[in-house]
Every structure is written in C-alpha cells, then in structure tokens.
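**Q** One letter stands for each residue in the lines below.
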Amino acid sequence: MKCQRCPKQATLHITEVLGEDRFEEVHLCEECAKKYLHEPPQKKAEAKPTESAAEGEEPDAVGEKQCEACGIKFVEFRNHGRLGCPHDYDAFKEDLLPLLESVHGDTRHAGKSPRRLPKAKGAQLELAQLRRKLQQFVTDEKYEEAARIRDRIKELEDG
Amino acid sequence: MNLDSLLPNLGEWLRGTGPESDVVVSTRIRLARNLVNFPFTNRASHHQKGEIAGRAKEAIAKADLPYKLDYIDVAVLSPLDRQFLVERQLISRELAAVLDGPRGVAVDDKESVSVMVNEEDHLRLQVLRSGFALDEAWQDIDRVDDALEARLTYAFHAQFGYLTACPTNVGIGMRASVMLHLPALGLTKQIDKVFRALQKINLAVRGLHGEGSRAFGDLYQISNQVTLGKSESKVLNEIREVIQTILQYERQARNALVKERKQAEQDRVARAIGTLGSATMITSEETMELLSAVRLGIHLHLLDDLPATTVNQLFIHTQAAHLQKLMGQPLDGEERNAARAKYLRSKLRELGTSQR
Numbered sequence: 001m002k003c004q005r006c007p008k009q010a011t012l013h014i015t016e017v018l019g020e021d022r023f024e025e026v027h028l029c030e031e032c033a034k035k036y037l038h039e040p041p042q043k044k045a046e047a048k049p050t051e052s053a054a055e056g057e058e059p060d061a062v063g064e065k066q067c068e069a070c071g072i073k074f075v076e077f078r079n080h081g082r083l084g085c086p087h088d089y090d091a092f093k094e095d096l097l098p099l100l101e102s103v104h105g106d107t108r109h110a111g112k113s114p115r116r117l118p119k120a121k122g123a124q125l126e127l128a129q130l131r132r133k134l135q136q137f138v139t140d141e142k143y144e145e146a147a148r149i150r151d152r153i154k155e156l157e158d159g
Numbered sequence: 001m002n003l004d005s006l007l008p009n010l011g012e013w014l015r016g017t018g019p020e021s022d023v024v025v026s027t028r029i030r031l032a033r034n035l036v037n038f039p040f041t042n043r044a045s046h047h048q049k050g051e052i053a054g055r056a057k058e059a060i061a062k063a064d065l066p067y068k069l070d071y072i073d074v075a076v077l078s079p080l081d082r083q084f085l086v087e088r089q090l091i092s093r094e095l096a097a098v099l100d101g102p103r104g105v106a107v108d109d110k111e112s113v114s115v116m117v118n119e120e121d122h123l124r125l126q127v128l129r130s131g132f133a134l135d136e137a138w139q140d141i142d143r144v145d146d147a148l149e150a151r152l153t154y155a156f157h158a159q160f161g162y163l164t165a166c167p168t169n170v171g172i173g174m175r176a177s178v179m180l181h182l183p184a185l186g187l188t189k190q191i192d193k194v195f196r197a198l199q200k201i202n203l204a205v206r207g208l209h210g211e212g213s214r215a216f217g218d219l220y221q222i223s224n225q226v227t228l229g230k231s232e233s234k235v236l237n238e239i240r241e242v243i244q245t246i247l248q249y250e251r252q253a254r255n256a257l258v259k260e261r262k263q264a265e266q267d268r269v270a271r272a273i274g275t276l277g278s279a280t281m282i283t284s285e286e287t288m289e290l291l292s293a294v295r296l297g298i299h300l301h302l303l304d305d306l307p308a309t310t311v312n313q314l315f316i317h318t319q320a321a322h323l324q325k326l327m328g329q330p331l332d333g334e335e336r337n338a339a340r341a342k343y344l345r346s347k348l349r350e351l352g353t354s355q356r
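So the protein sequences, as listed, match chains C and U.
Residue numbering for the first sequence follows my numbering, starting at 1 and increasing by one per position.
Residue numbering for the second sequence follows my numbering, starting at 1 and increasing by one per position.
Please keep in mind that the hints were generated in silico from the structure rather than gathered at the bench.
Computed from a prediction, not measured in an experiment: that's the story for all the values here.
A portion of the hints provided could be inaccurate.
[What the hints assert, rightly or not] No farther apart than 30 Å at their CA atoms in a straight line, the calculated lysine-lysine pairs in the DSBU-like style are these:
id: 1; chain 1: U; residue 1: Lys-234; chain 2: C; residue 2: Lys-2
id: 2; chain 1: C; residue 1: Lys-2; chain 2: C; residue 2: Lys-65
id: 3; chain 1: U; residue 1: Lys-234; chain 2: U; residue 2: Lys-262
id: 4; chain 1: U; residue 1: Lys-189; chain 2: U; residue 2: Lys-262
id: 5; chain 1: C; residue 1: Lys-8; chain 2: U; residue 2: Lys-189
id: 6; chain 1: C; residue 1: Lys-2; chain 2: U; residue 2: Lys-193
id: 7; chain 1: U; residue 1: Lys-110; chain 2: C; residue 2: Lys-112
id: 8; chain 1: C; residue 1: Lys-8; chain 2: U; residue 2: Lys-234
id: 9; chain 1: U; residue 1: Lys-325; chain 2: U; residue 2: Lys-57
id: 10; chain 1: C; residue 1: Lys-154; chain 2: U; residue 2: Lys-57
id: 11; chain 1: U; residue 1: Lys-193; chain 2: C; residue 2: Lys-133
id: 12; chain 1: C; residue 1: Lys-65; chain 2: C; residue 2: Lys-93
id: 13; chain 1: U; residue 1: Lys-193; chain 2: C; residue 2: Lys-8
id: 14; chain 1: U; residue 1: Lys-259; chain 2: C; residue 2: Lys-112
id: 15; chain 1: C; residue 1: Lys-2; chain 2: U; residue 2: Lys-189
id: 16; chain 1: C; residue 1: Lys-73; chain 2: C; residue 2: Lys-2
id: 17; chain 1: U; residue 1: Lys-193; chain 2: U; residue 2: Lys-110
id: 18; chain 1: C; residue 1: Lys-154; chain 2: U; residue 2: Lys-347
id: 19; chain 1: C; residue 1: Lys-8; chain 2: C; residue 2: Lys-93
id: 20; chain 1: U; residue 1: Lys-325; chain 2: U; residue 2: Lys-110
In isolation and in its complexed conformation, chain U is listed as follows:
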C-alpha cells in the first residue's frame, strides 16, 4: 500500500458527517485480543513476534469480510510514515515509536477498520466511525472479531474472558471512545459539568491522541474504564447515556452564546479566520485552537459557506507528518511553523475566492 495515496483523503473519522456531528467528531471501538500459547508481546522474542505476525497476517488475508484489509509492515516504515499513520488515528504512538520487532497494521481502504499486530496485545482491532455511531461501530468490530477468531485461537478464560497483557483490559477487552468537540462548554467555563457527569459511571476523559495526551482545540475523548463484569452492550449503553447528557449541555451552552453574545462570538470567529489566513508562523497547537473557533462558527451559522469538512482537512493537513508529506520534504519545528502558515494562507485564499 502506498501511504501517500491516503494523503488527499480525510479518512472515515474526519468525514465530518454522521449522527450528532455538530458535537461528536467520531466514535471508536477497539478490542484487545491475544493468541493462545504465546507470551504477550512485551515478553515475546523477536522470533515469536514474527510467528504471531505471520499467523495474524494469514488470518487477516483470508478473513471472511466484505472488504479487503491491506497489511502495512510498520517495522520497515520511516519515522515520518509512522507518524503519518498516528495522525490518521490508524496506529498508536506506542506501535509507531516505542515498540520494536515485527509489527504492523492492516487497514481497509476507507480507513474505518484497522488491526494492529504486536501492540501491547497481539491484536488490537479498531473501528472508527464519523459522528456518534456506537451501534454501527460495534456491529463492524464484532464482525471483524468473529472473522479473525474463525482462523486464530484466542486466549480466553472461563472466568476472566479475553486475556490481555494489562489486567485493566481483561474481560471484554473493549475500549469505546467518543471524540467530542466542546468549545461552548469551554468558553462558558462549564466543562466541569462534563467531568461531574462522568464521575457517576467511571468514564475517562482524554485528549486527542488517547492515553497521556492533552486536550487541544476543545477536543475530548470519553471512554469506558471497566472491562470486566459488564457485557459489551451494557458498557456501550452507559457511554451512550452520558454522551447524550454532555450533548445537551454543549448545545445549551451554544444556544446561550448565540443569544447573549452573538456579536462577540462573531468577532472571535472572524479573528480566528483572520489569523489563520495571514500568519507567517504558526504552531499546530495554535492552529487547533483557532480551528476550534472556526468549527464552532460554522455550527452556529456565524460563517457562510465554509463546510465542516474543510476544517477537518485543515486540521489533519497541518499536523507535522502530513505537512511534511504535502511539502515533499523533511522540516524541523521552525520550518514546519512557517510551512503550516503558508499552507493555511493559500488554502483560505483559495476558499475565499471560490466562495465570494
């Protein structure tokens, strides 16, 4: 698979459509699975990892699924290509930069389904969906799981369920996360309401890139912590309920913004567009913060004719690896800030002329 062919595409999670897409960016479910009779990845030898990867690749290639999964050997990729896959949410930072030895990821051409091989667990199945789509994501991943399980023997325990390298994942091995854009709750300093809603059921809040990452651009990931003692559907229902509550809070806050300080909001959005369109140096953090304002502006109808997918395109293309691929050369931090500003200026000029 030629990774550069993915560059013009947004991938499933940034399609910008799907249910509740004014607040919910994407839904993701992952399953952790391990093969019997092998040590977990952290204790497997190079040779054993090779054997695990071989079996996984064969099962993936022969899986009875309506689409094809292409296997990418992550071990032979350049650091830039690995980072590129991380930015597209197809592999974890660990698989990209921390782990070593035989490892890879199988991806479908819509970039909705991916299977990481030799991550913390032998297999990490993932389904990404645009918008709020827990049921659809579960149906997809359940099917991938069954298709692989038809050709691989999983480590499964009568009492503990699917066995995983870390006991925090044992049982259903499932982590469902919903990525939310909550700018109005941030602006009106009500974001603690969200955390209070989560207290009741022990859900975790994380930044864009999962575990250990900070929240940039008002993007938050809400995910379950518990994987033992509850069925998959019960866990999904609990998340669904809390997300509904957060959706309500965010929409109330957005309505209040429009009602009470529309002028100020309009000004903030216009300034964000202004900075994005005229800066000559800009960091990815600042870009994300400004794009957050623009995204909110679109949903509050403070901006005409700028589609939400454009924000998603600017969002993904201004991240480090994507930017370097677009520019066709490696760039250091300073150079990236200049290249990012240049890219944003030309993109926004293009949009401006075509729309006015």
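This is chain C alone, in the form it adopts within the complex:
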C-alpha cells in the first residue's frame, strides 16, 4: 500500500478515533506519519485520499463509465469504495489496474483457483444482464415480460 501523502510505501497504519464508534484509518510512510502526528486534529481529516477531490466534482469521462451488467458508474465506486458486480473488474479494468498496483503491488492472482471451471464468460454476462432486466420488470410490475426473462435465465443456467 502506498502512503496517502507521498509515493512512498505506507508503513504506519493509524486508526483515528473520531468519537463514539466512529473511526478513520490513515495509511502513511514514516516521514509523513511524523508530520501527521504533530498536526492539529482538524487538519488530519484532510489526510484522506484526495484523488477524487483533486479531479474536481465535475463529472469526468472516467467517472461516467458504466458497467453494462449492474449499471454502476465508476464515480459511484470512487465515492463508496465498493464495486457493484463481478463484471466491474472487466468493465473498469483500465482504471482499476493502477489502484490494484498501488494497494497490492501487483495485478495478477497467484493463489488457488476453483476446482470447477466457471461457465463461459459470455453466458455469465448475459445472465447478469437478464437478472437486472428481470428486477426492473418486477419493479415496474410487468409480470409477463418478467416471466419470459425468468424462463430464459433458467434455460441458460440449466444449459
């Protein structure tokens, strides 16, 4: 993991206690941590990653990118730190690679794999899209269309 203030390796992981059950984690290198610990408390909040703030609140091209399977926009991920579905790793691949590199120092899995190989990728994506459609039809109370989609999902799953 990189330091939140400079490009060095973060070696100190500080948990700030902000009050009743509220905490914040700060990851810094030794040098920045020394400075950080001597700052008045109100400045500390600014030690958080400033990537999104630096690029401004304006919707930018990267932020507007959207996953075709779950519909999440990249900016939503940037704001909340959670992805929407497994397909996001492909949909936002280019933008996630630098992040993975800085968090893990690597971008390639080197551990165990599932014993059963997952189904073909195309079918997975279609299934995810169908499920999203199904959800929409149910919400809109379009039950006939929903039933058709449900049957198609069953076909794909059993196939």
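With chain C held as given, fit chain U onto it using these hints.
**A** This is chain U only, laid out in the frame that chain C set:
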C-alpha cells in the same frame, strides 16, 4: 439453534490452549467469496439477497464436511442476540448492525467454523483456532471452501482471482489474523518495536474487534493487507515469520520484568485481582485492562492455581451482550457496570474459596 445454549461455552478462540498460547490468543483466517451472475451485496435487491441466501444455505446444508453447520438467520435476531454473536467473534459488527435484508451465519457446534452470508461479500468463510495455528486454520478453511465451491459457482477471474466487492480483498480473498496478548511490550514501552517489525511486510495492526476498533487489554490483531500477487501459503509464511519475531520480543520483555521488577509486578497483579473482586461499578474497558494484568500474572507464575481459561471466561462473560444474557434482562450502561462488578465479585469469591 438456541443461542443461549452457547452461553456456558467459551468457543474455540477462547479455549486458552494451542501452540504459544502464553502470547497468542487465537488465529483466524477468512476467505471472501462471491457467486457469479449476481451483483455484490451492496447493490443486490432484497429479492436477490434472498436468492443468494437460499443458494448459500442449500450448499452449506449439503456440504461434504465432517461436521454440521447450523444456519442462523441474523435478520430475525434481536439486537442483543446479534451483539452476542459479535462478542463471540462469529459475525462482524457490519452483519449485526449495519447491513439489512436477508443475511445470516452458519456455525459449527465448536464455534470454530463460520460462514457469513450477505456480508460485504456474498460469502465470508471464517475459521478460528485457539493459539498460533495458521496451518491448521488454513487446512480447515480450504476444505470448507472446496466443499461449498462444489455446489456454488464463484465469481473468479483468470487474471484477478476471486472477485470481491472491495478491490482490497481481490485475488486470494484471504485475511489471516493472529490475536496477540502483548502486555509486557506495553509495560516496557517497546510496543513500537512490534510496529517496526510489521513495516517491512505491510501487515496491519488492529484492536480486538477488527477494522476500526481500538486495542484494549493489550490485545492486538496482526493481519495481512495484500491479497493479490501472492499465494495463500506465501502470505501465511510472511505472517508466521513476523509473529515469531514479536513472540520473541514479548517473551524477552516478560523475562526482564520478572528479573528486574518482580515485586512491583506481583503487586500490580494482586491489585488487579483486588479491584476485580471488590469493585461495585466497573466498565468493560477497565475490566479488560485488569484482566490483562491477571493474564500476564498467570503466565509469569505470579498467581497460583488460576487457570488461563478462567480469565477467558471472565473476559467473554463481562461483555455487554453476554452479561445481559447471564442476568436474564436488558441493562443500560450504568446497570451493566454494576452487574459486571457483581458478576466479577461472585466469580472471584467462588474461585478463591475453592482454591485456598
């Protein structure tokens, strides 16, 4: 499963035995797994979470394992029961109090294996072991993982490995944490030595209840941060090495305490027992601090005949939800402090009379 039946038990992580148990309280490994073709939990609808829970429950029920996993529906539990499971380290605070909708946890009767459903990831597998037992914990969890994977299709990526809601877990999806009791390093103000040892390999130090919690009672959790680019065994080896170093530091500090200030230490431990046995109001933080002194006293042989498991029992039973279950009624903060003191007084009196 009747949760109250767990109350008299200590659970696997507080058994107080296992390798290096004078310093290492417990070892925990968790794996994050998600099902293909579903959004991650934070973006799944109520209906989808229900479907995920249904599939997970079926796979758990049919899993080819030498023990049975009982599924507990966390959504229908009272807040007290949820907190009870958090204190027993079987579910996270998030699953208990932050997340909503269909969710649950499957637990074996030894409380060593648990599988959370619809936490941040669809599945969070966990194995707890008493003492320093990374290999045993890994063997257990690897087996649970394979048994579930035989009946569920995980979201797995050729380049990125197991896909998780948060990119900080992607890859092996594994977090291994070792809980250490480091009172002597604290007393001799050498705890920064520990943090220096961790710098080299990017491990995290956290308090008792994981992410965001503070260290109470000299208990620290050391865990890996990196999950991509290293195999499970490599990550486990790195943790093992650093824990060995910390063990050495703590034991040196303990030896120095006995050698240089035994009398003072004996006094501190006796006072801790005295306060625990006579206070009429006591917070859980103070209880943990005093129990830390008692635990150290036991391992330094400054106390006779008080088994380490007793400290573990007092430790778990004086936490908020356990205390309220023992007393059989809901208690507010002040009432809990009084009830905690009462429980400690009667427990220590019991022990005193049976041992002298």
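**Q** Given the hint that Lys-110 of chain U pairs with Lys-112 of chain C, test it: the Cα-Cα distance must not exceed 30 Å.
**A** Given pair Lys-110 of chain U, Lys-112 of chain C holds - Cα atoms ~27 Å apart, limit 30 Å.
**Q** Is Lys-259 of chain U close enough to Lys-112 of chain C, meaning Cα to Cα at most 30 Å?
**A** 48 Å, violated
**Q** Are the Cα atoms of Lys-193 of chain U and Lys-133 of chain C separated by 30 Å or less?
**A** 56 Å, violated
**Q** Lys-234 of chain U and Lys-2 of chain C were given as a pair; does the straight-line alpha-carbon distance stay at or below 30 Å?
**A** With a Cα-Cα distance of about 21 Å, the restraint between Lys-234 of chain U and Lys-2 of chain C holds, given a limit of 30 Å.
**Q** Holds or violated: Lys-193 of chain U and Lys-8 of chain C, Cα atoms, limit 30 Å.
**A** Holds - the C-alpha atoms of Lys-8 of chain C and Lys-193 of chain U are around 21 Å apart, at most 30 Å.
**Q** Is the straight-line distance between the alpha-carbon of Lys-325 of chain U and that of Lys-57 of chain U 30 Å or less?
**A** 28 Å, holds
**Q** For the pair we were handed, Lys-8 of chain C and Lys-234 of chain U, check the Cα-Cα distance against 30 Å.
**A** 23 Å, holds
**Q** Hint check: Lys-8 of chain C vs Lys-93 of chain C, CA-CA at most 30 Å. Holds or violated?
**A** 24 Å, holds
**Q** Regarding the pair Lys-8 of chain C and Lys-189 of chain U, is the alpha-carbon distance no greater than 30 Å?
**A** 27 Å, holds
**Q** For a C-alpha distance cap of 30 Å, please report whether Lys-325 of chain U and Lys-110 of chain U respect it.
**A** 20 Å, holds
**Q** Can the restraint linking Lys-234 of chain U and Lys-262 of chain U be considered satisfied, given a maximum Cα separation of 30 Å?
**A** 41 Å, violated
**Q** Is it true that the CA of Lys-65 of chain C sits at most 30 Å from the CA of Lys-93 of chain C?
**A** With a Cα-Cα distance of about 11 Å, the restraint between Lys-65 of chain C and Lys-93 of chain C holds, given a limit of 30 Å.
The structure does not agree with the numbered hints 3, 11, 14, 17 and 18 stated previously, though it agrees with the rest.
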